[in-house]
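Quick note, the sequences are listed as chains A and B, same order.
First residue of the first sequence? That's 110 in our numbering, and the numbers climb one at a time after it.
First residue of the second sequence? That's 7 in our numbering, and the numbers climb one at a time after it.
It should be emphasised that the hints constitute simulated quantities derived from the structure, not laboratory data.
The beta carbon of each residue, even a glycine, is placed where N, CA and C say it ideally should be.
Some clues are possibly wrong.
[To be verified] For the chain A half of the interface with chain B, some residues (derived, Cβ under 7 angstroms), not all of them:
#1 T149
#2 Y153
#3 D290
#4 Y305
#5 V341
#6 K674
Each chain, letter by letter, is given below.
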Amino acid sequence: MCGIIGYTGFREARAVLLDGLKRLDYRGYDSAGIAVIGTTLRVYKDVGEIANIEKQIPALKGTTGIGHTRWATHGGVTKENAHPQLSCDKKIAIVHNGIIENYQKLKETLIKKGHKFVSQTDTEVIAHLIDEVYDGNIEEAVFAAVAKLKGSYAIVVVSENEPEKIIGVRKESPLVIGVGDNENFLASDIPAFLKYTNRVMFLDDGEFCVITKNAIRILNAQKKPVHKKEEVINWDVKDAEKSGFPHFMLKEIYDQPETIHQVLRGRLSEIEQTITFSEDVEKLLASKFSAIHIVACGTSYYASLVGKYFIEQLTDIPVEVALASEYRYYGSRNPSVLVIAVTQSGETADTIAVLKDAKNSGMRTLVITNVIGSTATRIADSYILTQSGPEIGVAATKTFTAQIITLLLLSLKSAVLQDTLGSAEMYTYIIHLKELPRYVRDVLQRTDEIKAMAEHLKDATSAFYIGRGVDYPIALEGALKLKEISYIHAEGFAAGELKHGPFALLTKDTPVIAVIAQEATYDKMIANIGEIKARGSPVIAVAEDKDTEIEKHADYVLRFPCESKSLSCVVIAVLLQLLAYHTANLRHCSIDKPRNLAKSVTVE
Amino acid sequence: MKCVILAAGEGKRMHPLTYTRPKVMLPIAGKPILEWNLTNAVRAGLKDFLFIINYKSGMVRDYFQDGKPWNVKISYINQGKPLGTAHAIGMVESFAYDFVVLCGDTIFGTTDIKNIMKKDAQLGVTTTENPSQYGVVDLEGDLLKAIYEKEPNPASNIINAGMYHFDASIFPAIKKTKISPRGEFEITDSINLLTHNDQLHAVHLKEWRDVVYPWHLLDANEELLKTQKSRCHGTIDSKASVTNSVVIGKDSVILPGTYIEGPVYIGRDCKIGPNCYIRPYTSIGDHCHIGNACEVKNSIVMDHSNVPHQNYVGDSVIGCYCNLGAGTKIANLRFDKNEISVILNGAKVDTKRRKLGAIIGDDVQTGINATINTGSIIGNSVFIGPGAIVNGEIKPQARIW
Numbered sequence: 110m111c112g113i114i115g116y117t118g119f120r121e122a123r124a125v126l127l128d129g130l131k132r133l134d135y136r137g138y139d140s141a142g143i144a145v146i147g148t149t150l151r152v153y154k155d156v157g158e159i160a161n162i163e164k165q166i167p168a169l170k171g172t173t174g175i176g177h178t179r180w181a182t183h184g185g186v187t188k189e190n191a192h193p194q195l196s197c198d199k200k201i202a203i204v205h206n207g208i209i210e211n212y213q214k215l216k217e218t219l220i221k222k223g224h225k226f227v228s229q230t231d232t233e234v235i236a237h238l239i240d241e242v243y244d245g246n247i248e249e250a251v252f253a254a255v256a257k258l259k260g261s262y263a264i265v266v267v268s269e270n271e272p273e274k275i276i277g278v279r280k281e282s283p284l285v286i287g288v289g290d291n292e293n294f295l296a297s298d299i300p301a302f303l304k305y306t307n308r309v310m311f312l313d314d315g316e317f318c319v320i321t322k323n324a325i326r327i328l329n330a331q332k333k334p335v336h337k338k339e340e341v342i343n344w345d346v347k348d349a350e351k352s353g354f355p356h357f358m359l360k361e362i363y364d365q366p367e368t369i370h371q372v373l374r375g376r377l378s379e380i381e382q383t384i385t386f387s388e389d390v391e392k393l394l395a396s397k398f399s400a401i402h403i404v405a406c407g408t409s410y411y412a413s414l415v416g417k418y419f420i421e422q423l424t425d426i427p428v429e430v431a432l433a434s435e436y437r438y439y440g441s442r443n444p445s446v447l448v449i450a451v452t453q454s455g456e457t458a459d460t461i462a463v464l465k466d467a468k469n470s471g472m473r474t475l476v477i478t479n480v481i482g483s484t485a486t487r488i489a490d491s492y493i494l495t496q497s498g499p500e501i502g503v504a505a506t507k508t509f510t511a512q513i514i515t516l517l518l519l520s521l522k523s524a525v526l527q528d529t530l531g532s533a534e535m536y537t538y539i540i541h542l543k544e545l546p547r548y549v550r551d552v553l554q555r556t557d558e559i560k561a562m563a564e565h566l567k568d569a570t571s572a573f574y575i576g577r578g579v580d581y582p583i584a585l586e587g588a589l590k591l592k593e594i595s596y597i598h599a600e601g602f603a604a605g606e607l608k609h610g611p612f613a614l615l616t617k618d619t620p621v622i623a624v625i626a627q628e629a630t631y632d633k634m635i636a637n638i639g640e641i642k643a644r645g646s647p648v649i650a651v652a653e654d655k656d657t658e659i660e661k662h663a664d665y666v667l668r669f670p671c672e673s674k675s676l677s678c679v680v681i682a683v684l685l686q687l688l689a690y691h692t693a694n695l696r697h698c699s700i701d702k703p704r705n706l707a708k709s710v711t712v713e
Numbered sequence: 007m008k009c010v011i012l013a014a015g016e017g018k019r020m021h022p023l024t025y026t027r028p029k030v031m032l033p034i035a036g037k038p039i040l041e042w043n044l045t046n047a048v049r050a051g052l053k054d055f056l057f058i059i060n061y062k063s064g065m066v067r068d069y070f071q072d073g074k075p076w077n078v079k080i081s082y083i084n085q086g087k088p089l090g091t092a093h094a095i096g097m098v099e100s101f102a103y104d105f106v107v108l109c110g111d112t113i114f115g116t117t118d119i120k121n122i123m124k125k126d127a128q129l130g131v132t133t134t135e136n137p138s139q140y141g142v143v144d145l146e147g148d149l150l151k152a153i154y155e156k157e158p159n160p161a162s163n164i165i166n167a168g169m170y171h172f173d174a175s176i177f178p179a180i181k182k183t184k185i186s187p188r189g190e191f192e193i194t195d196s197i198n199l200l201t202h203n204d205q206l207h208a209v210h211l212k213e214w215r216d217v218v219y220p221w222h223l224l225d226a227n228e229e230l231l232k233t234q235k236s237r238c239h240g241t242i243d244s245k246a247s248v249t250n251s252v253v254i255g256k257d258s259v260i261l262p263g264t265y266i267e268g269p270v271y272i273g274r275d276c277k278i279g280p281n282c283y284i285r286p287y288t289s290i291g292d293h294c295h296i297g298n299a300c301e302v303k304n305s306i307v308m309d310h311s312n313v314p315h316q317n318y319v320g321d322s323v324i325g326c327y328c329n330l331g332a333g334t335k336i337a338n339l340r341f342d343k344n345e346i347s348v349i350l351n352g353a354k355v356d357t358k359r360r361k362l363g364a365i366i367g368d369d370v371q372t373g374i375n376a377t378i379n380t381g382s383i384i385g386n387s388v389f390i391g392p393g394a395i396v397n398g399e400i401k402p403q404a405r406i407w
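Start from the sequences and build out the full structure, keeping to the hints where you can.
Here you go:
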């Protein structure tokens, strides 16, 4: 995955492009570059962070240009492989996000025709393809070239012969038009240009756009004009910045009382004791289906596992949770099944592939995502937004809790539609949901306590998280957070599974974090802790404020407040996020940009 | 000649009203500040406008669009970052070479705009009682020697009024301008650079209404309402009485028993009464309801807000989409009759007003019999519970019980 941006207008393009790239660097940050058209087309690119590359780029005259921040997929991290990539005559520059599957074959043909390649990227093929067919009209050339491409791409092209014009095209990779005044933008994501405009148009798969400073033309793959409505984005620029926190991740952890409000906004009705979603979501949930399959990757997968507990607890619907990358290889494509895809970005390649597959098999599809207008929202029958605002930290935090709550709301709604939940119970849930931000705020205030506990974790080379029932997926997510940002090897286990193997790994240097929130499994968890203690491993218990017994069993205790058993998982998730954050911080890790990871994974 | 209007600022000193709108969109006597400037500039003969926008720019654009309703052309430039007036004016380099600049949050008069359009007129100046808060100008005859920003002991009381007439020579000066101590690129610094070589002429303004703090809206409102002529596009019941100049917008109804003592402005689609008392210098926006046994005096009530049952609102500004519960009252005078001070953005500010009610942001709901003390500053989306007593500065989204 990479970040791309294009600009044409009245400002110096250099500054606009670099600024936009800095906001896109969550999409990749191993190398970056820009191309600006002044009297000639000039390209500057290098390996490293944008801030460092910026220093090497001289002042460039020119108000049209394109830029790219890279996260390598084809070709190593080198200056030659950084984008923009150029045609042989260096008059056409392109930036690309995605993968060209047939690039080898195209490359061979082009080499035979005399084209000289300087990089190992799949992208360079596109530049030469355009060059090959170019005869004075860049739009036509891009059309002709793209017709030959197989794979996924968002491409932005400029040509020295036609300055003040940028061409964009997308298939299965995001590309958004920013509609400005006397200027226009193209980018992988909105924060890149949000400072200059909050009016956007989303391109759909296969669409082209031709952009000048005063006009935007959108064409479909058949070159027919498409009319699009502008949408207005209501995030503030501030929302996309750190607002005083040392890391985006910490900011986003602290956003959670607010984002929980946001998820619930307009969906809870205390008076009518019901949950409201948009009409088409409700229609979908009210329709008859034999089972629900939830598909997701990474953190969203763990949120989905929590969702399974909720739905099966509250309704009679059987739920299967699957990793998107695996679901494609099994699962009956039964049209009576409802497929729910959970993806923060709405662009996760594996999840999108499942969605397309499910749709083709006639299954009903619902997406839970944070990004309106994302590819997933446009494929699925309907979607529910988690309404959490942009998440910049690579490690998902606020969107995880938002996904859990959305899934809970969804299961409550299904229960109401199926008549499996009484109104008194519903009322209790609604009250507890409303209280939830308060409990989360309470946990956030215990940050010093959690930081002190991180001291016991920071020198570990390996750590285990255990839980039972709904605490099990929370343990998995807790372990994921720790390994993602602190690089400590961490695994989550169902507490009952320890003795079936993982026990062999326990030593006195392997801390075990035990989540003990469920009354029904309390005694079993205490027994598990006893077994672990017998092997000499230190145990950090995560237990309720009211729990007076736990000190007798665990070495250390982290406490959380909560009145509702079913919602405690949200509060614990926040606590474990803080634990991972402080541990990583004590280890001086690059928290917002963990090595080898990117925010949303748009390759399979 | 083009007219550039600076409309990008947030106006932090106008909190809580500017949490949800840019400063230039604050309504005075039924129109946003920016529209007063636009209509005055149109009357002065300007037809081609460039609005520099940034903070909540969509609201400016949605309201003014391309300028057709005013028979003018309006285009927009987004400033991107709030880096100061010089940065904002620098934006227009590719669009204008001989142009008038108006600070969009100060109301200028038609005659003065006409005067600044003349050849030997570059800088609008005016006199004020508190020059230390402005840029003080050093003049020789009508020639500008220098502008000194916010000096504690200013040499004169003639200040820069925020109205300029520039040609392309300003752009090189803007590029040379250095960042000021308060962290912005200021047009006054660019002008100081110009004075070394060029002769800049000052024009003394006849009208000048600077609105800095929310209560200044009440002063400006009073002054502008004094000039309005009666108009009625709605319906006045025969059992209602209306005196002095009163404007009533389309589809508004004035119900029996209502007594309106002008000057008063009432927007479109309002329901006024029955049995309420609206006192002079009150502006009521569109889609509002002032109900039974309510008294509103010297106040601004913005669109979609209700003062519905047994309320008193005096010397106050109420944002959009507010609803006062039955019996909610706003105090506007201290027992000791002293001047009222408020807490704004955490700091104490003396308003120099003996009478001041509350400044209430958008989307505020109050319960029955809530009591709001003098000088209360209430952020947007605040809930005030039944019987609650409100004092001081309330942050947005707060819940007061």
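Here is what the structure says about each hint:
At a threshold of 7 angstroms, the smallest CB-CB gap from T149(A) to chain B is about 20 angstroms, leaving the interface hint violated. For Y153(A), the suggested interface contact is broken, since its CB lies about 22 angstroms from the closest CB of chain B, more than 7 angstroms. Hint status for D290(A): holds, given a least beta-carbon distance of 4 angstroms to chain B, under 7 angstroms. The interface hint given for Y305(A) is met, as the beta carbon of that residue sits about 5 angstroms from the closest beta carbon of chain B, less than 7 angstroms.
The closest approach between the C-beta of V341(A) and any C-beta of chain B is roughly 6 angstroms, which is under the 7 angstroms cut-off, so the hint is satisfied. Violation of the interface hint for K674(A) is found here, the shortest Cβ-Cβ separation to chain B being roughly 27 angstroms, above the 7 angstroms cut-off.
Against the hints set out earlier in the document, violations occur for numbers 1, 2, 6.
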